[in-house]
Every structure is written in structure tokens, then in C-alpha cells.
Amino acid sequence: MAAPIRLIACGSVDDGKSTLIGRLLHDAGAVPADQLAALGPDPDLSLLVDGLSAEREQGITIDVAYRFFELAGRRVILADAPGHEQYTRNMATAASTADVAVVLVDARKGVLTQTRRHTRILALMGVRRVLLAVNKMDQVGWSHQTFDAVAADYRAFASTLGLDDVTAVPVSALTGAGVLRRDPALSWYEGPTLSQWLVQTPAPAMADGPFRLPVQTVIRHGEHRGFAGRVAQGAIGPGDPVRVLPSGAKALVSAVSGPTPDAHAGQSVSITLDRPLDVSRGDWLISSEYPPDVADQFEAHLVWMSDQPLLPGRVHDLKIGTTTVPARVMEIKHRVDPNSGEALAARTLGLNEIGLITLSLDAPVPFEPYADNRDLGGFILIDRMSSATAGAGMIRFALRRATNIRPQPLSVSRAERAARKGQTPLVLWFTGLSGAGKSTIANLVELRLMEHGLHSTLLDGDNIRGGLNRDLGFTDADRVENIRRVAEVARLMTDAGLIVLVSFISPFRAEREMARALMEPGEFLEIHIDAPLALVEARDVKGLYARARAGRLANFTGIDSPYEAPEAPDLRIDAAALTPEQAADRILDLILNRPG
Amino acid sequence: MGSDDDVLDWLEAEAVHILRETVVGVERPVMLFSGGKDSAVMLHLARKAFAPAPPPFPLLHVDTMWKFDEMYAFRDAAAAGLDLIVHRNPEAQAAGINPFDHGASVHTDLWKTQGLKQALDAGRFDAAFGGARRDEEKSRAKERVVSVRTAAHGWDPKAQRPELWSLYNTRLSDGQTLRVFPLSNWTELDVWRYVQREGIALPSLYLAADRPVVERDGALILAHPRLPLRPGESPTVRRVRFRTLGCWPLTGAVDSQADTLDAVVAEVAAATASERQGRAIDHDPAASMERKKREGYF
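Line by line, the protein sequences give chains A and B.
So that you can map any letter, position 106 of the first sequence is 106 in my numbering, and since no number is skipped, the others follow by simple counting.
So that you can map any letter, position 279 of the second sequence is 279 in my numbering, and since no number is skipped, the others follow by simple counting.
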């Protein structure tokens, strides 16, 4: 099917971007007469694209706007991306669906840092067909020489990014010259106008290649089982063999329910097979030949879109195609400066920053490299607390094939190990400020477990930091990794059948939730040793608060590093009201009286 | 019209994808259904998306008591066999809120905005499909396909989730809900071409006929038995049709000879005025739609 041409326009207000978009809409006949009339005689066309009152107040564009018009019978969907530096995420968003881009420069100023930044983001997001609109030609006396110089400068830069399909067009958004109409003032220019270039855009190439259908949902109705989704690549018809990923099961297509009897790239279809197979959301139907790779570790580019910095090790939900799996960024190899293209060392990524990262998923997924198919190689990272879309990534390649690492089945089960000890494994997770009494209480609890003949161990923050985690510091990123490791250790010990007491400040809610998710259901109790900062600071058993206040101890929880108190702990101990012995009694009650 | 059909195919494929993705991603979806052309197209797409099963969600009509008479009959016929919820704000009903005594703003806020919030809360719906399109209005152009609302149903344009590729984030936290717009990328003309191509039934109010109207504040208002006439006003019969169908006292007709679908398509293709020109609620203070959306309007 001939999809609409999806266009992104990049540039700033100063380059005349709003005027150019207004001009395109106006000359394409997409502006209703009443809206045009509202602008009065001799209208300022840039006002046609001015949007929200929040933007007008600040004189900026804060978000992507989508506008439609027709050129020579072809639909164009224009994503108007803002040009301001702080909105890289919006430009990446707009570029993610764009087939082609118009990059605007002011003929008087030529290629600027901002032009290079926009072009880098286009290349990163896979927009390969670019028009350089050299605007304000009326301001440089319609100079052929100026145009050639700007065009050559830009071409040289773009080719370093692998962007070779670059067309430069001289325009004046103000007069409309070179946009939809030719102008005598530009008689020296023989190339296409902006609109001619747009209309010549070839259809996206997703129709080529082997068949790929990420299954969105299974439509059940009586005996009917329809595997529904949008075809991401290729075509298939009744009688054709298909395979299901990841199971590998094979079948023949019985029927395709959709606009045509065959399923083609871009269509939303529902497919029935000739035999009953177990297929669910996230699986792929593929043609029998050329199966894609399935992997659980990737190298990828990532654009960070959240106010909360990216912390390697923290669990996010990763959505790719129709699959959502828990995933964590393992390593930030470097940050990319979009202005210079330089690779910079980084331990976190902030809002609007771009990084090259490695990524680990909790389950293997089928994929195609982003450069081959944007729908099958692009992913988003979702914050599990706020549900915000925190990042957008583009898979470069798999770090290893998931098929090389398979879980080894063990001869003795965790249930047998626990049964031998006559107990149910459990993690008691003590969280709270430094000096709240976590370790004191945990030690008392373990003594009593011992008295009850139960098998336990105690993982204490300070002790673990002296061994397993001695390579970690106290930055947010290191705190996340600190907790990830201790949670994995606690998990292994529950597999051994033990009751595990974990005494760690563990300041972040996300990591405590991650630890809970790692354990079997019902085998994790979060115990908040709740002491007000004033109290622990007054006690200051180790003298740490005094040092932190004096500025001699950085990143200290409660002072210059946040503590996110549990919202619904399994038990809250009021450390100001209870003695450690009373606290231990309560915790023991909780353990001994729990169901199961 | 080969290339027009191609655009319709693409728009249909995208809308079906959005409908399916939302239904899978949330717990309790609902589809807003007013009986207007956009919601009729949306329902048609929903039937396609889940065929041969019926759409796996109820329809919700937030009634204002001031819809065109024919829309009620059309609504019930179109929703036959499906679960249709009709909600009327009891407070607005008790207070007798109407556009004549209370003005368009108060009427719209109480019946539509507050009524919608009540109905979504009562049904514990976590996603509501709406037929709004980006070409309708400025603030709509910046709306996401999947738009997050706060627990109080407010729209914060600065807190919207970036929407990349076709990866819609339907995850929810802290009482958030979603408004989902499968027709985001459609134009008014696309809707009409699709209605024509698919043979979708619509209220005849969309077709030109001789109707009694009064000209009021520059708009042609239907001379309904419930319309209080102002001094000097007397209804005249004109050949008119409606481009949008809201509450009849707030929706202006346009002079038109287009009494068939073909003629409507031709008229819309040649139209130079915007679709919502007859809607009084858009002509309130500046940035009216943006403000209403912040307050929870669809």
C-alpha cells in the first residue's frame, strides 16, 4: 500500500521554520479560509502553526505537532519538531516515524551547530532522505554562490554520517519561492522544488524481505483462533508455510482476514492456521526461511527522555514490537555529544542525552537490527514506578545468541533443599536510614530464628561492601548495582532453602521492588526500620552524619542523597517508639504466623 | 481515486493496530459513542479489528439531553447487540443545566466534561477510545494517540509520553487513565471517503435537506420545538446540513445542496472553511479547547 509520506521539519524559529511550514500548508491549500481570515490581511504564515497557550507564553515550541496536507494526490503527514536544544527527545520522537526530513538553514548563517545536531539525530533515528532547505534566499540577493557554498558545506558533513540522499533546494518561505512554485529570481536553479522532491519520495521499503508478523493478540470466537497483528515486513498468503517464534512450531496459513486475501507489509490482519498451535502475544509468525535472531542481550543507541537520570542496573519494562519484558541497561559505553559527535565517558544519561549502551533482557526476544527494520529494532524503556516512557532505543546487534546460554536443570530442587531444613525460604529485607537500627534488629531476629531451630544468614550492607561490592561507590548508579547484586545473592540463598536477612539502606523504591520481583511469590517481606532523620542524626553512632553535614562525606542518604520510604511495607517498625527487642518480637511474630 | 484508497487502507491499518494494542494493554477499555460520524467510523473499525468476535468493550454515550432527536434513534440502532452505557450527569439534570440559561461553557462543562469523568469513574474504565482527530483544532494537533490523563482526568501537555514508532505505552500508575484516539491521523475528508467506501450508516442530519433554522450570532441553529426564540427571530426553511453533530443549540448548520454521500465528499473536498466553525464551544476564550482538555474534556 502507498502509505502517506511522513515528513519531519527541523530547524529553529529563527531559521524561519514556522513560516516555511505555514507556507507549505497555505500553498498546498490546507488552511481553512476562516483560519486564514483570522490572521487578517497580509498574514504572517508562521502564526498558522503556533500551538498551545503554554508555548505562546514562553515563545517556544514544547512538543511535536502533526499536520496533514496533500501534494499532487499524495498525503503528507508533517511532524513539526521543535528546534530548541532541550527538546532532543521531541525531535527523536518526530523522527522515529519520518521517512524524509527537511532541514532548514538560514542562507545568511549557513550550517550551524544546531543544524549538525539535528542531522545527527536524523541519522541516528534512521531518516535517510534529507532535503536541505536553504531559506531566506531573498535576504542574500538570491545568490547562487551563497547557496552552493551552504549546500556543499552541508553535504560534506552529512556524508560523514552516512547520509548520501541529500538534496539542497533554495527557498524563501516568506515569498514562497522554491517551495511549491518556481520563481524567476531563482532561474539559475534547475533542481526540484521542495514539493516536487517530497512527491518523488519512494514508498518505504518494508514490503521487501521475509514475512514478519509480531502477534498483537489472539482473537478467540468459538473454535476460531485468529492471530492478529500488523505485518512488519514481507507478505504471506493462504497455503504458505509459517513458523512461530520462539517455539519454532510450523503450520500452513489457512486464511488471512484483512483488506486483501494475502497479508502485506503495513496491513493489520488476522491469520488462521491449518492446525492448533500455542501462539500468544509477543510471538512472531514468520516465513519458514530466514528466521530472525532471538537474543536477550544487545548493543543499542539510547535517547534518554526522563527527568530521572538513567541508572545502569535499574529494571525497566522494555517494549519492542508486541513484547514487553523486564530489562536493564548493563553498561553505558559512552555518551554521544549530538553537537560534535564526540564520544564522552558517562556513568548515567540525563534528559535529552544520547548514549551507546548494552542491555540485558529477562527473556529472549526476536528482533531485526534497527538499521534493517525500524519497527522490529526500535524499543522503548518504561519506568516501572511512574509508567513514563523513559527512553527510546535502536538495536545495533545482539551481544550473544540467547540460544548459547540455556538454564541448566538441577537434580535437587529448591523445594527439596527447603524441606530438608524443615522450613520455607524467606527474604527479610530491612530498609531504612543509616543508624536507624537495621543491623541491631536484624541480629536480634537472627538469634531468635536460631533458637527456633531455623536456618538463616544475614547479608549486612557494610560487610558486603567490604567484599563482593568493594568496587562500588555511593553514586546513584552504584547504589542500584549494589542492591542488584545483593538481591541476586539473596535469591540464590533462598534457592538453598535459607531464611535470608538483608540489612541495607536500599534507598530507592525501584530496586526494592526489583528485589521483591526476583523472589518467589510470598518469599519476600519488606521491613521498614522507620526512624526520623533528626533522631538518627542526633544518635550518629558512627559519626557519619556529622561528617556528611561538614561536607566531608558525599552522597550520604538523608543528607545529600534521597531516601524513598516504602509506601506499603510488609511491616513498619517505629524506631523512635520501640526498643530493638520489641521490634525483633514483632518481626518474629510476622515470620512465624505467615501463611504457608 | 486509487491513491485516496491507499491512504484509507493505511489509516485503517493504523487504527486497527491502535485499537488492538490498547485492548491488550489495559484492563477495562470503553469506547465513546455519540452517534456522530467519527464515532460511527470508530465502531466500524472496532468491529473489523476483533472480527469474528464482537468488540471486547462496552460503548459509552455521555448524554447531554440536548442532542439532536435523530441521534438518539441512530445511536440505539448502531449499538444494537452491543453493551451500550448511557450516562447523564445527575447534578446537571437536577439543576436543569441548559445552553440557553447557563451558556455554552457551563453547559458543556457540566454535561460533557463532568459527565464524562463521572461515567469513567463509575465504570472504573482505564482507557477510553475517542474519535478526535488532529486536523480538528490546534491543541488536537499536539495530542498523542495514547494520551495519559491524571487521576483527576486532567491533560498536562508537558507531561505527555513521547510516542515513537508504533510503540504505544499503555502502562498506568497512580490512578492514571488513557484517552486513545485511533483516528488521530484522519482528516474530515478521509472520514467521509471511508464512510462512502465502507457503506457506514450515519444520521441523515449530515445530508442536506430543507430544515427550519434561525440565524443566531452568525450560526444557523435548528428551530427545534425546545428552542426559545429571541425577539425578532422567526424560523426560515433553508437547505442545510451539519458538518458536526454536538448539542443542537450549540451546533450550527451550513447551507448546502449535498444530499448524497457523493455530494458530501465533493463538498468537503472543496470546502474552504474549517469543520468546527459551527461549534460554539470552540469560540469561547482563546485556547478554549486546550483549557477544556486540561480540565478533562475529551
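In case anyone wonders, no lab produced these hints; they're calculated from the structure.
All figures in this text were calculated on a predicted structure; none of them were measured in a lab.
It is possible that part of the hints are untrue.
What the simulated footprint calls covered on chain B by chain A, stretch by stretch (three residues with Cβ under 8 Å from a Cβ of chain A suffice, anywhere in the stretch; the number is not a length) [stated by the list, open to error]: (1) 82–92; (2) 116–128; (3) 165–173; (4) 180–194; (5) 250–256.
Only some residues are given here: those of chain A computed to face chain B with a beta carbon under 7 Å [to be verified]: (6) Ala72; (7) Arg155; (8) Pro202; (9) Ala203.
We put the CB at the ideal spot given by N, CA and C, even for glycine.
Outcome of the hint check:
Evaluation of the coverage hint for the segment 82–92 of chain B: breached, as 0 residues show C-beta separations to chain A shorter than 8 Å, against a requirement of three. Interface restraint, the segment 116–128 of chain B with chain A: violated (0 residues with C-beta to C-beta distance below 8 Å; minimum three). Using a Cβ-Cβ cut-off of 8 Å, 7 residues of the segment 165–173 of chain B lie near chain A, which meets the minimum of three, so the contact claim holds. Against chain A, the segment 180–194 of chain B contributes 3 residues with a C-beta closer than 8 Å to a partner C-beta. That satisfies the three-residue criterion, and the hint holds.
With 0 residues carrying a beta carbon less than 8 Å from a beta carbon of chain A, the segment 250–256 of chain B misses the three-residue requirement, and the given coverage is violated. Nearest Cβ of chain B to the Cβ of A:Ala72: about 9 Å, over the 7 Å cut. The hint is violated. At a threshold of 7 Å, the smallest CB-CB gap from A:Arg155 to chain B is about 28 Å, leaving the interface hint violated. The closest approach between the C-beta of A:Pro202 and any C-beta of chain B is roughly 14 Å, which is over the 7 Å cut-off, so the hint fails.
Among the interface hints, the one on A:Ala203 is violated; its C-beta lies about 9 Å from the nearest C-beta in chain B, farther than the 7 Å criterion.
This entry does not satisfy hints 1, 2, 5, 6, 7, 8, 9, going by the numbered hints stated previously.
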